[in-house]
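Asks: Chain residues, written in single-letter form:
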Amino acid sequence: MINILVAEDEFYISNLIKISLTQAGYNCITAEDGEEALKLVEKEDFDLALLDIMMPKINGYELLEFIRAYKIPVIFITAKSSVSDKVKGLKQGAEDYITKPFDTSELLARVEVVLRRFNKNISTLIVDDIEIDLNSRTVKKNGVVISLTLKEYELLVLFLRNKNIALYRETIYERVWHENFMGDTRTVDLHVQRLRKKMHLENRIVSVYKVGYRYEELKR
Amino acid sequence: MKLKWRIFLVTYLVLIVAYGIFTSVIMSSWLDSMKSAEVNSVIQQNTNTAKLFHAYYLVNPTTSDFDSYFEKFKSFTNFNDMYTELSTGDKYLYVSFYGAEFSGIMSNTQQVAVYNAGTPNQIYVTAVTNISEMGQNIFIETTKYISPIFTEYSNHVKKIQIWSAAILAVSTVFILITVHFISKPLNKLTSLSAKIAKGDITERIKLNRFEKSIKEIDMLADSFNNMAECNEKYISQLKEEYKKQEEFTGSFTHELKTPLTTIIGYSDLLRTYDLPQNERRMYAEYIYKEGKRLESLSIHLLNLLVMNNQSFTLSEVKTEVLAYDLKSATAFLPQKYGVSLDFYLEKDSVICEPSLLKTLIINLMDNGCKASEKGSRVTVVGKREQGFYVIQVIDHGMGIPEDEIKKITEPFYMVDKSRARKQGGTGLGLALCSKIALIHGTSLEITSQLGKGTTVSFKLKRAETSNETGAKNDEA
Chain C
1 MINILVAEDE
11 FYISNLIKIS
21 LTQAGYNCIT
31 AEDGEEALKL
41 VEKEDFDLAL
51 LDIMMPKING
61 YELLEFIRAY
71 KIPVIFITAK
81 SSVSDKVKGL
91 KQGAEDYITK
101 PFDTSELLAR
111 VEVVLRRFNK
121 NISTLIVDDI
131 EIDLNSRTVK
141 KNGVVISLTL
151 KEYELLVLFL
161 RNKNIALYRE
171 TIYERVWHEN
181 FMGDTRTVDL
191 HVQRLRKKMH
201 LENRIVSVYK
211 VGYRYEELKR
Chain A
221 MKLKWRIFLV
231 TYLVLIVAYG
241 IFTSVIMSSW
251 LDSMKSAEVN
261 SVIQQNTNTA
271 KLFHAYYLVN
281 PTTSDFDSYF
291 EKFKSFTNFN
301 DMYTELSTGD
311 KYLYVSFYGA
321 EFSGIMSNTQ
331 QVAVYNAGTP
341 NQIYVTAVTN
351 ISEMGQNIFI
361 ETTKYISPIF
371 TEYSNHVKKI
381 QIWSAAILAV
391 STVFILITVH
401 FISKPLNKLT
411 SLSAKIAKGD
421 ITERIKLNRF
431 EKSIKEIDML
441 ADSFNNMAEC
451 NEKYISQLKE
461 EYKKQEEFTG
471 SFTHELKTPL
481 TTIIGYSDLL
491 RTYDLPQNER
501 RMYAEYIYKE
511 GKRLESLSIH
521 LLNLLVMNNQ
531 SFTLSEVKTE
541 VLAYDLKSAT
551 AFLPQKYGVS
561 LDFYLEKDSV
571 ICEPSLLKTL
581 IINLMDNGCK
591 ASEKGSRVTV
601 VGKREQGFYV
611 IQVIDHGMGI
621 PEDEIKKITE
631 PFYMVDKSRA
641 RKQGGTGLGL
651 ALCSKIALIH
661 GTSLEITSQL
671 GKGTTVSFKL
681 KRAETSNETG
691 AKNDEA
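If you read the sequences in order, they're chains C and A. In terms of this note's numbering, the first sequence opens at residue 1 and continues consecutively. In terms of this note's numbering, the second sequence opens at residue 221 and continues consecutively.
Nothing false has been slipped in among the hints.
Here are the computed lysine to aspartate or glutamate pairs in the EDC-like style, where the Cα-Cα straight-line distance is at most 20 Å:
1) A:426 to A:442
2) A:463 to C:85
3) A:642 to C:33
The set of hints was computed from the structure by calculation and includes no laboratory data.
Using the sequences provided together with the hints, build the complete structure.
Replies: Structure below.
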């Protein structure tokens with residue numbers, strides 16, 4: 001389980017990040033200010049830290065120094081978006097620099113990149129009898145390798161990552177085809193059909209009326 | 221060309237030309253007068269000789285041999301430097317001994333000529349008189365060689381030229397020195413201006429004693445230094461303002477981006493997943509709250525900006541009226557915060573912009589309520605003090621730490637961010653209040669003790685028509 005520390009004084013935002021990260025399968029612990037963040041770092045092991053810069057008590061830059069001593073990679077999340085701020089942050093040793101407002105999908109992608117850099121990323125995704133090696137993109141069901149097209153693979157990963165949550169068709173389209181959904185519903189349905197067939201998941205990938213689809217986990 | 225050389229050249233040329241004209245005028249008038257003197261003496265001599273001959277003839281008339289007669293006469297009348305000649309001839313054309321031609325010398329008249337006898341520099345003066353005697357035209361000629369005066373003239377001219385050269389040389393040196401001393405401070409000014417233009421705004425010009433003694437240059441240097449001083453002040457002022465502007469923009473964008481992140485993030489969740497009802501409601505709540513926060517932020521900001529661009533007229537307002545308006549405008553506060561309000565405003569008239577003043581006081585009261593616990597009191601006091609009318613808003617809430625007091629009027633500054641946000645604050649309230657105070661020609665004075673409470677006060681000008689004592693009518 002990968003532990004990520006989030007130091008952010010705005011509750012709404014830290015909550016948002018926590019939801020997104022937990023969704024993606026990480027364990028997320030939040031701190032409201034620099035002092036609390038330090039205490040947490042001393043107590044627990046973290047694989048990554050997301051720091052806001054403008055925090056009371058100890059600001060992000062100072063916190064960076066302490067946390068790096070624990071050999072934890074740091075990503076800055078902040079509203080300070082000028083080029084000089086970014087350069088300063090990166091030069092001080094942050095692995096990446098995300099400015100507010102941000103898309104949670106972008107945040108996740110960058111977190112993934114940094115974790116991968118440090119070989120800490122989740123390399124496998126296991127749900128029920130399905131095992132996916134995210135690095136080699138191999139999909140196994142009950143130990144048997146099943147070959148999928150790129151879109152089917154990404155579709156499967158999306159479902160497994162959001163298991164038990166109903167996903168809107170538009171969302172599915174955007175996340176897998178990386179384009180704005182423009183009323184074309186057939187693509188998603190067709191691919192979902194094919195995936196179901198190949199993986200024998202007719203009972204698990206269920207369609208949700210007026211919404212889209214959902215992967216239902218076997219064990220509850 | 222540099223000023224130094226220009227001045228030098230002009231002065232030098234003027235000097236040469238003037239000097240040249242002067243000397244040549246003097247010299248030629250000298251020559252003229254010399255020449256006239258010679259001519260006059262020849263004329264005089266000639267006239268005398270003619271008279272003498274006339275007398276001689278009277279005493280010793282003759283009719284025949286003129287030549288020997290003339291010779292005899294000439295032996296009486298030989299003068300050293302003038303040559304006399306007598307002859308008979310044609311009055312219409314007479315040629316003198318050295319070749320000057322005279323045409324038409326009438327009886328008993330005299331003519332004079334100055335001429336060159338063939339070779340250059342052989343200059344003669346000849347005066348001829350025609351005496352009609354013995355029935356004949358007898359010409360009496362007096363001639364003088366006057367080249368010497370011209371030679372003397374040339375010698376003088378040469379001397380003068382040598383002296384001129386010497387004088388001009390010396391004056392050149394003097395002119396150069398003077399010009400140098402004048403252009404040195406000017407050069408100082410020029411190079412200093414260049415330095416300041418390059419950005420070194422702290423440079424000033426320093427003159428030495430001699431330069432200072434030239435009044436114009438001293439004044440120029442003084443005004444130059446003044447200008448540089450003002451320039452420096454102005455530039456640092458601009459830098460200050462720019463920094464403040466940058467800080468404001470930075471804080472503003474930060475305050476803007478945070479609610480935006482929330483709104484975007486949670487709405488993204490809502491549109492991506494079909495979430496359970498309670499989560500949907502919770503996220504919608506967050507989005508709503510942050511949206512309202514943005515709304516409040518933009519209103520306050522607009523107010524702040526509008527205030528920058530408008531001019532306000534102040535008028536006389538009775539404090540009774542003010543108190544009445546305040547009471548009705550703040551009636552909602554006790555309900556909202558559970559804090560009770562007191563008003564003690566002495567009867568008086570003040571100079572203010574009534575709606576702005578109300579905004580100011582209500583804002584302060586709102587802050588006071590926010591900082592206080594339920595059951596506490598917020599008091600508004602107005603009283604005469606040292607010729608002004610002082611208004612105080614007093615609360616018994618959590619207070620402000622000593623080192624933060626001067627920062628709280630900065631835009632977007634919040635001592636306790638999370639509390640402020642929870643209560644819907646934007647950090648702009650006190651910035652607005654200080655702006656209003658500024659418009660009234662005053663400023664906010666804040667005293668506070670942590671845990672005990674805060675008092676914010678400011679002075680207003682009293683209206684001239686209000687009497688000094690006034691009735692002390694406490695209104696509760």
